[in-house]
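Novice: Top to bottom, those sequences are chains D and W. First residue of the first sequence: 1, per my numbering; consecutive thereafter. First residue of the second sequence: 417, per my numbering; consecutive thereafter.
In silico lysine-lysine, DSS-like type, Cα no more than 25 Å apart, as pairs:
#1 D:Lys43 to W:Lys506
#2 W:Lys594 to D:Lys43
#3 D:Lys164 to D:Lys187
#4 W:Lys435 to D:Lys182
#5 D:Lys160 to D:Lys3
#6 D:Lys160 to D:Lys187
Here are some chain D residues the structure puts well away from chain W; computed CB gaps all over 12 Å:
#7 Val162
#8 Val248
#9 Arg315
#10 Arg333
Calculated directly from the structure, the hints in this document are not laboratory data. Only a predicted model underlies this, so the values are computations on that prediction, with no experimental measurement involved. Glycine residues also receive a C-beta, built at the ideal position from the N, C-alpha and C atoms.
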Amino acid sequence: MGKTVSEKILQNHSQDEVLPGKIVWLDIDILSARDFGGPNVVKNYEREYAGLPLADPARTFFTFDLCAPACTLRYADNQQLCRDFARKHGVRVFDVDSGIGTHVLMEEGLSRPNSVVVGTDSHMNILGAVGSFGQGMGDVDITFAFRTGRTWFEVPESVKVVVKGKLGPWAGAKDLTLFVLKELGTKKIALKSAEFYGPAVAGLSLAGRLTLCSMVTEMAGIIGFLPEISPSARDEIETFTQEPFSSVTADADAFYSETIEINLDGLAPQVAAPPSPANVRPLAEIRGLEINSGFIGSCTNGRTEDFAAAARLLRGRKIKKGVMLKVVPATRRVYEELLAKGILEDLFSAGAIVVNPGCGGCAEGHVGLTGRGEVQISTGNRNFPGKQGKGETYLAGPAVVAASCVLGKIASPEDL
Amino acid sequence: MNPIIKRGHCWVLLGRDGKLIEDIDTDQIFHNAFLYITDLSEMGQHAFGNLEGWKDFPSRIKPGDFIVAGRNFGAGSSRQQAVDCFIALKVGAILAPSFSSIYFRNAVNSGLPVLRCLELDRLAAEHLLETGDEVEVDFFSGKARNLKKNLPLAVEPMSPVQREIYLAGGLFAFGRMKSETG
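Next up, chain D with everything else stripped away, as it sits in the complex (with noise of 0.2 Å):
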């Protein structure tokens, strides 16, 4: 029988036989640890492995985006106990001005087309986008794979997504990948791997890509891959690896546990209303609902393409008076992006809070939280209760958050 994309890049990685349901053994290729988690293995490290060497000290990275640069004394010293074990053992930590660790391993070229990257971010599987098998993991998990190379999977079984029709004028990836999380639920590909199809999916940038494969997490799946690729997708990816891309392809027999058909029908901007990222609804059905603060960034809307959406509508207008916006990048590249393309400016004149890159906005980190009563837009990828502050998170795209903001109430650009 044949193999799909995961088990294609899992059985490049294991000497046991991968199939769907068996727990096999893996070599990872990159290794890496966030500021949070991060303290917890460098203490489980010393406490385990106290004076034996890591497995790679450079394939294992730190990434520090949570709570960057530090905002309390307990984060600090976390951070820095972070730095010590790294200067001991040879470990290159991307620090507090680098960005959104998945995003910095993408760009560094160290997650490549057909390579197992682990770290402690639950949104690691956001770099299906380029081919790599991301995984999130706890830190018993990381430390256990710093000292070894090595960690257990359970083998998921495989999805096929097929996404037909196109989007409508007004939307894009973060309306096409709330409408899939809308369809698919937390039910349909949990614990599986899916595959995305259909010309809508192979037409999206690299940004859009990281948009839809970040929220295969909020949709409970293991992991997204996207196997056919838009050339500008290539030509990003291949100038972070250095090398010609070749994306991991299905077998014609693979087997895949169902086949999902999601239909676009010249999809409208769609908005996640709380409690839930799958609470999802027509941007029409909220249109009008009052908002106190906007935020674009992420993991899952963190490129220059997204600030870009949202400085063309911003361009020229104000925030309305009351309404505040956070723009967070979602790494220095991103952000260096912005400033020699004029949008960063576009965003300060519209009135935007701008700030370094990071989680913050997502993570209760360092642009704040939203307080009793707030109402939130925001590009992030969850809007569980309390997760950023006690105020009401909606999730939308970039373009749907800039219009919002300049409006006061939740809209569509076109009400612009």
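Place chain W on chain D using the hints.
Specialist: Only chain W this time, still in chain D's reference frame:
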């Protein structure tokens, strides 16, 4: 294979609708405001600190008690604290129809018994499993019984890896037994 039989009193996590709460995420189990905590002894007090209706859980649970939750328990982040807070409280086992994959791994690696049981939704809805009921489970065969109501229960047995890690007392001890880690 020797059975490993454990008994515990259940805490059935019901929502306002009287059904098992689904998709309980790690921010509801152990909020990200406390992620700076790295010592086990400090973690127990924050368990379910952001789960509506269950915030007093840490003061009510007794060592060895079982937690019964809805499907996709432990959704969201990869934080180990969402497992370790229950180890700190000496929770005997967590039973749910399904777990998020990261959460399941984290629990297995820490030696916290997590057991899948597909019929929990029905049992909870029909009041055939309620808070306070004492349940007996053989982790290895999956044979289980609600002793209070004298009803059988089908629990998925632990997989071989889960069993070995549990018997070793966690992933680190397991690695040493296997000479994986030197």
